[in-house]
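Peer 1: The chain contents come next:
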Amino acid sequence: MFDYHEYFRSEMMPHMWCKGCGNGIVLKALLRAIHRLGLSKDRIAMVSGIGCSSRLTGYVDCNTLHTTHGRPLAFATGLKLARPELTVIVITGDGDGLAIGGNHLIHTARRNIDLTCLLFNNQIYGMTGGQLAPTTPEALFSTTTPYGNIEPNFDACRLVQAAGGTFVARGTVYRAIPLEKLIAEGIQHKGFSFIEVLTTCPEIHGRRNKLGTPAEMLQALAKTTLPTGVIHQASGPEYTEAYDGIIAKAQGRT
Amino acid sequence: MRASVGLMQGNEACARGAIVAGCRFYAGYPITPSSEIAEELARLLPQVGGKFIQMEDEIGAMGACIGASLGGVKSMTATSGPGFSLKQENLGYAIYTEVPCVVVNVMRGGPSTGLPTSPAQSDVMQARWGTHGDHPMIALAPASVREVHDCTIRAFNLAERLRTPVILLYDEVIGHMREKVELTDPSQVAIVERPKPTCPPEVYLPYKAGEDDVPPFVRFGEGYRYHVTGLAHDERGFPTQNPRVVEAHQRRLHRKVERHRDEIAAYETFMLEDAEVAVFAYGITARSARAAVRTARSEGLRAGLLRPISLWPFLDLEVGKLAQQVKAIVVAEMNLGQMIYEVERAAQGRARVAAYQKASGEPIHPEEILAALQEVR
Chain A
1 MFDYHEYFRS EMMPHMWCKG CGNGIVLKAL LRAIHRLGLS KDRIAMVSGI
51 GCSSRLTGYV DCNTLHTTHG RPLAFATGLK LARPELTVIV ITGDGDGLAI
101 GGNHLIHTAR RNIDLTCLLF NNQIYGMTGG QLAPTTPEAL FSTTTPYGNI
151 EPNFDACRLV QAAGGTFVAR GTVYRAIPLE KLIAEGIQHK GFSFIEVLTT
201 CPEIHGRRNK LGTPAEMLQA LAKTTLPTGV IHQASGPEYT EAYDGIIAKA
251 QGRT
Chain B
1 MRASVGLMQG NEACARGAIV AGCRFYAGYP ITPSSEIAEE LARLLPQVGG
51 KFIQMEDEIG AMGACIGASL GGVKSMTATS GPGFSLKQEN LGYAIYTEVP
101 CVVVNVMRGG PSTGLPTSPA QSDVMQARWG THGDHPMIAL APASVREVHD
151 CTIRAFNLAE RLRTPVILLY DEVIGHMREK VELTDPSQVA IVERPKPTCP
201 PEVYLPYKAG EDDVPPFVRF GEGYRYHVTG LAHDERGFPT QNPRVVEAHQ
251 RRLHRKVERH RDEIAAYETF MLEDAEVAVF AYGITARSAR AAVRTARSEG
301 LRAGLLRPIS LWPFLDLEVG KLAQQVKAIV VAEMNLGQMI YEVERAAQGR
351 ARVAAYQKAS GEPIHPEEIL AALQEVR
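Just so you know, the sequences run in chain order A and B.
Letter 29 of the first sequence, counting from 1, is numbered 29 in the working numbering, and no numbers are missing.
Letter 331 of the second sequence, counting from 1, is numbered 331 in the working numbering, and no numbers are missing.
Simulated from the structure, these hints should not be mistaken for laboratory data.
Because the structure is a prediction, the values reported are computed rather than measured.
Note that CB positions come from ideal geometry on N, CA and C, so glycine has one too.
It cannot be assumed that every hint is accurate.
[As the list claims (entries may be wrong)] Below, in silico cross-link-like pairs of lysine-lysine (BS3-like), each with a Cα-Cα straight-line distance of 25 Å or less: (1) B:K208 to B:K256; (2) B:K208 to A:K41; (3) B:K256 to A:K41.
[To be verified] Here chain B is said to cover these stretches of chain A; the calculated rule only asks that three of the stretch's residues, wherever they fall, bring their Cβ under 8 Å from a Cβ of chain B: (4) 220-229; (5) 237-248.
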């Protein structure tokens with residue numbers, strides 16, 4: 001039996017996520033994926049931004065970096081360039097990664113640097129109390145759309161694919177085992193891997209919009225009309241390897 | 001690299017100094033008048049096995065520097081006014097998480113887009129207080145091409161030694177000016193590395209400082225698994241809201257810089273020994289001040305110059321001493337009053353403090369400072 005505690009920082013428990021939150025399912029899928037790949041905790045760096053999902057890094061016993069709002073991909077880019085031998089996993093949310101950090105997502109995908117980015121999409125700014133996110137469905141309510149949301153939301157996977165990401169996938173917290181496999185595939189992929197995880201926020205988002213119990217919200221994810229699984233995979237020059245070519249050129253070795 | 005004599009631009013000297021200091025990572029974003037630093041390092045860094053990346057914005061550049069530094073690589077970014085504004089949040093992150101790095105701000109006229117190709121000294125207070133929250137700050141202000149080179153090395157040494165970002169502030173004139181410089185043989189330059197832990201990983205506390213208030217640093221991936229967060233954190237690096245822990249951490253951060261104040265402090269005096277009036281000036285303005293002092297002397301006015309090379313922490317003691325000696329201090333700066341408030345504070349009314357200020361995008365000329373000196377004699 002796989003022991004999660006081997007990867008947890010027990011002194012950080014209990015975690016700060018609400019009862020019924022889907023984030024714990026992603027965390028456990030991530031830990032199983034790491035275990036499945038046999039990665040050493042010493043050689044993994046996890047980098048996150050700000051928000052509910054980004055608190056994940058505090059709970060995992062590896063090299064963890066909880067950065068500023070929207071910027072984890074930028075921090076991770078510097079870290080990966082400095083230490084290409086580390087497996088760098090980025091944890092972000094829909095607000096962190098698509099709103100304030102959207103530009104970094106586009107350009108990190110374009111560079112095809114070998115990072116694995118898990119974007120937790122819960123459709124809302126949960127930590128700050130339920131404000132509109134770029135992923136909140138039209139007509140739903142949030143604390144900043146008291147009359148209903150009039151903004152179309154966007155498809156993160158299509159964005160990353162268009163920007164040049166070479167591994168694009170979508171999973172849900174309803175299907176935890178396929179999610180684990182997607183994460184493992186993403187980590188193994190050489191280049192920028194992006195996995196959007198549809199997760200649930202029953203406490204802040206679900207209650208306001210009468211989306212049902214936590215279990216009902218999970219079941220609703222099973223019926224998502226969005227494509228899931230590996231959506232796009234391509235090969236292309238990976239950034240840190242390409243930069244090694246620059247070093248060779250600058251040193252007159254080519 | 002050998003010791004060299006040649007015609008060099010300030011920004012080029014900054015890039016060269018960074019290489020000598022051991023900088024092996026640069027992340028930046030194009031902005032006048034600092035772009036030559038990026039261009040030069042894009043060329044030089046891969047030659048020495050280092051890495052350069054042009055990021056999508058200034059915020060990302062600052063973030064990438066912090067990430068690379070946590071990876072154990074000496075890192076730098078350079079910018080100018082508008083970009084300096086964008087770097088502020090992550091600059092505060094680096095201060096709070098104690099990640100060494102060097103941030104260069106080649107000052108141009110502002111606010112806003114302002115005067116991209118003209119000099120100013122109007123970011124000196126932003127350097128001190130630009131990021132939110134209480135924080136200590138170290139900033140150096142070179143006044144020549146040679147000094148840009150040396151201050152860049154010093155900035156890295158201080159950043160590594162004290163685990164904190166160091167800001168290098170100079171104006172557009174210093175950045176773009178070319179002058180003859182003689183650089184020290186790099187093998188003769190003292191290079192400082194960040195303090196490393198001597199304990200095994202099991203007992204390592206990333207934010208437990210020794211007697212000098214500087215916690216030992218170990219790069220990511222060495223078996224010392226730890227957490228770094230911009231939230232208030234305890235010695236383990238984990239978030240805390242414990243008032244005592246938060247307060248103790250804040251105070252240690254400040255103490256860390258204050259107790260090394262003498263190690264950081266750098267200044268030059270010119271003809272101050274018997275001076276009755278003095279100029280306080282930094283950067284390119286100090287060079288005009290030096291000429292003004294010389295002319296004043298030839299006209300029988302006993303003038304002198306105090307030129308701070310370290311702007312932050314402020315040279316309270318030195319200015320206080322000067323205020324006891326002279327009748328008046330003329331604070332000449334290319335802004336409408338920034339460092340003058342610090343001079344007034346340190347002078348404590350013991351000398352008259354007068355301003356010579358200019359915000360036109362032109363450097364201050366020696367005659368202007370001379371006239372200001374004659375007025376206060």
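Peer 1: Next, verify each hint and record whether it holds.
Peer 2: Hint by hint, here is what the structure shows:
no., hint, in the structure
1, B:K208 to B:K256, "holds, 12 Å"
2, B:K208 to A:K41, "holds, 23 Å"
3, B:K256 to A:K41, "violated, 32 Å"
4, 220-229, "violated (count 0)"
5, 237-248, "holds (count 3)"
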